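Just so you know, the protein sequences line up as chains A and B, in that order. The first sequence begins at 1 in our numbering and counts up one residue at a time. The second sequence begins at 98 in our numbering and counts up one residue at a time.
I should point out that these hints are in silico values taken from the structure, not numbers from a laboratory. All figures in this text were calculated on a predicted structure; none of them were measured in a lab. Yeah, the Cβ is synthetic: ideal placement off N, Cα and C, and Gly gets one too. Check the hints yourself; a few may be wrong.
What the hints assert, rightly or not - What follows is a set of in silico ranges between Cβ atoms, one per label pair, in the way DEER data are often shown:
{"id": "1", "chain 1": "B", "residue 1": "G309", "chain 2": "A", "residue 2": "R84", "range": "39 to 49 Å"}
{"id": "2", "chain 1": "B", "residue 1": "R264", "chain 2": "A", "residue 2": "T79", "range": "20 to 30 Å"}
{"id": "3", "chain 1": "A", "residue 1": "V65", "chain 2": "B", "residue 2": "G220", "range": "20 to 30 Å"}
{"id": "4", "chain 1": "B", "residue 1": "V197", "chain 2": "A", "residue 2": "R84", "range": "17 to 27 Å"}
{"id": "5", "chain 1": "B", "residue 1": "M160", "chain 2": "A", "residue 2": "T79", "range": "16 to 26 Å"}
{"id": "6", "chain 1": "A", "residue 1": "D90", "chain 2": "B", "residue 2": "S317", "range": "30 to 40 Å"}
{"id": "7", "chain 1": "A", "residue 1": "T2", "chain 2": "B", "residue 2": "A322", "range": "49 to 59 Å"}
{"id": "8", "chain 1": "B", "residue 1": "A243", "chain 2": "A", "residue 2": "D90", "range": "33 to 43 Å"}
{"id": "9", "chain 1": "A", "residue 1": "D90", "chain 2": "B", "residue 2": "A227", "range": "45 to 55 Å"}
{"id": "10", "chain 1": "B", "residue 1": "Q338", "chain 2": "A", "residue 2": "R84", "range": "49 to 59 Å"}
{"id": "11", "chain 1": "B", "residue 1": "V212", "chain 2": "A", "residue 2": "T79", "range": "46 to 56 Å"}
{"id": "12", "chain 1": "B", "residue 1": "H122", "chain 2": "A", "residue 2": "V65", "range": "24 to 34 Å"}
{"id": "13", "chain 1": "B", "residue 1": "T283", "chain 2": "A", "residue 2": "T79", "range": "33 to 43 Å"}
{"id": "14", "chain 1": "A", "residue 1": "R84", "chain 2": "B", "residue 2": "L320", "range": "47 to 57 Å"}
What the hints assert, rightly or not - If you want the footprint, here are the derived chain A segments under chain B, 3+ residues with CB under 8 Å:
{"id": "15", "stretch": "2–8"}
{"id": "16", "stretch": "16–30"}
{"id": "17", "stretch": "41–47"}
{"id": "18", "stretch": "74–85"}
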Amino acid sequence: MTEYIVLSAILFTIGCVGVLVRRNAIVVFMCIELMLNACNLSLVTFSRQHGNLDGQIAAFFVMVVAAAEVVVGLAIIMTIFRTRRSASVDDASLLKY
Amino acid sequence: MTFWILAPVMVLAALGILFVRKAVHAAMLLAVVMISLAVLYAVLEAPFLFAVQIIVYTGAILMLFLFVLMLVGVDASDSVVETIKGQRVLATLGGLALGVILVVALAQTALGAAVGLEEANSGGNIQGIANILFSRWVFAFEVTSALLITAALGAMVLAHRERIAPRETQADRAARRMRDYAERGTHVGPLPPPGVFARSNAVDTAALLPDGTAAEASVSRVLAARGTVRSAPTDDVEELQRQIGDPATQPERAGKDGSAASTEEDQA
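Pulled out of the complex, with its shape left as it was, chain A reads as follows (with noise of 0.2 Å):
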């Protein structure tokens, strides 16, 4: 069961990275995806190493969360592209001053 543990781990690793590279707000916002998913497939591996199904309703609220915070951080992408007409996340600045 290592071998899932570890390609969630390098899928979690991938995810960071991409957050703290990439410029476009939606992008970043798929790396959050794919380490949600990296998280989901450690509790599933560790669900069956131990023999109990709770892991797998952890995996479960884990996806209903990420939904719900889809709808809503898509909707805030929306709102900041439709005022400045950008999707990076190096424009919306306007707190640092």
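Got chain A; can you put chain B on it based on the hints?
Relative to chain A, chain B alone:
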């Protein structure tokens, strides 16, 4: 076996998300990762999550991403300019460090033999999940409904656009047109259609005025802004004349040649 086929595909697709320029391609690669994950769930004895992963993630969430990409503009690509100096290198180094630490730590742990879910899934996976979900986790399940309602309301509030000015009706537009005509002498009637007197009748070709110049108003402003308007100006006509030879004598000669050729064919 399934794992060793899917794992390289997933890692490559996930790495692709980091490197592709266009957001749409990133969404497609994310779809690859998610569908592969769903298959891995099926391998890991979680058929319910297999279905939920495909329906919720690939079906709903990725479609939402694609819709937003369509609204934002499909060709909205990432800028490669670094706003913080050295951030990309530092992020990559930090990511590599995190990955190495995680993988090394995992390599040193022994998970032992997997118990497997045969016993837990003995009455069916969905029944097993329902038994736990509606007994031990029932409160969390009900709080989820509040979360979903809040998310739906939040999305509606954020995506709602308040109408600042009253809606412009057809009567308003007609009155404005006549006012513009009275004050500035602008054209009252409809705009000229594209392609009139031009070589092509396509919408992206401007109509030609009697003096041979292109009528700017005949092509859509959207096409003009994109820069995809084709021109059918006089130099095109000259190019055509060069191709077919002298325009003064060409039509007559072509007619004669054509008739001669047909008679020859008839004789043959």
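Worksheet item: Hints broken by the structure, by number, lowest first?
Response: The structure breaks hints 4 and 14; every other hint is satisfied.
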